[in-house]
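First residue of the sequence shown? That's 312 in my numbering, and the numbers climb one at a time after it.
For the record, the hints were derived by calculation from the structure and aren't laboratory data. Check the hints yourself; a few may be wrong.
[Said to hold, decoys possible] With a straight-line Cα cutoff of 25 Å, these simulated DSS-like cross-link-like pairs (lysine-lysine) come out:
#1 473 / 315
#2 315 / 416
#3 335 / 495
#4 315 / 412
#5 416 / 351
#6 351 / 314
#7 484 / 315
#8 372 / 412
#9 416 / 495
#10 314 / 473
#11 495 / 473
#12 351 / 335
#13 315 / 335
#14 416 / 314
#15 495 / 351
#16 473 / 416
[Unchecked claim] Distance windows between CB atoms, simulated:
#17 463 / 332: 19 to 27 Å
#18 371 / 338: 28 to 36 Å
#19 353 / 473: 30 to 38 Å
#20 450 / 313: 41 to 49 Å
#21 455 / 353: 16 to 24 Å
#22 430 / 366: 21 to 29 Å
#23 470 / 370: 29 to 37 Å
#24 359 / 389: 13 to 21 Å
#25 450 / 314: 21 to 29 Å
#26 357 / 455: 21 to 29 Å
#27 430 / 389: 34 to 42 Å
#28 394 / 366: 20 to 28 Å
#29 354 / 382: 15 to 23 Å
C-beta atoms are modelled at their ideal positions from N, C-alpha and C, and glycine is treated no differently.
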Amino acid sequence: MDKKLLIITGATGSGKTTVSHYLKEAYAIPQVVTHTTRPKRHNEVAGVDYYFETPESMQAKHLIESVTYSGYQYGSSYEALELAWQQSPLISLVVDTQGAKTYLKTFPQEVMVLFLTVSAPDSLVTRLQKRRDSPEAIEKRLASAEFKRDLMVPSELNQHAKVIVNDDWALTKQTLADLIAQLK
312 MDKKLLIITG ATGSGKTTVS HYLKEAYAIP QVVTHTTRPK RHNEVAGVDY YFETPESMQA
372 KHLIESVTYS GYQYGSSYEA LELAWQQSPL ISLVVDTQGA KTYLKTFPQE VMVLFLTVSA
432 PDSLVTRLQK RRDSPEAIEK RLASAEFKRD LMVPSELNQH AKVIVNDDWA LTKQTLADLI
492 AQLK
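Can you build the whole structure from these sequences, using the hints too?
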């Protein structure tokens, strides 16, 4: 199998991390670990969920893309991508829609974009509350330009993104199974 990269994108709370973890558990598809300067959440593990960086250590990385989101920097590096490809020719990466566009331009032959959405955007608030984000963090995130941008598939991704409406987990898993079968 040639190298393939499943780019998982969509609005915050749409299930990107859940899908990536499921792909790892059900199909042994490693997730590229990305970098962030935001504080670690209660259930996160450094080096597994993110590489938690200082602003200075973030600058030292060979970043493919990066974004500032809700006051924190996020990015993915060439080093982390290569580490994941050493584990498997089929890997996944969670990024925002800007990152998805960058990856599609940088790796046009390797990338498949999965855009996660929900039929009722209000349900995203409930999902953020369930993951125990603070009310202030939720409010800040929902008010951000990036959140509004990531609610829709950007025009640059229209011809390349597989849109998955993640309202029903069983249906989402079946859609993912169908996609993985096409890639293998």
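(message) Going through the numbered hints above, which ones does this structure break? Give me the numbers in ascending order.
(response) Violated hints (numbers, rising): 5, 6, 15, 22 and 25; every other hint is consistent with the structure.
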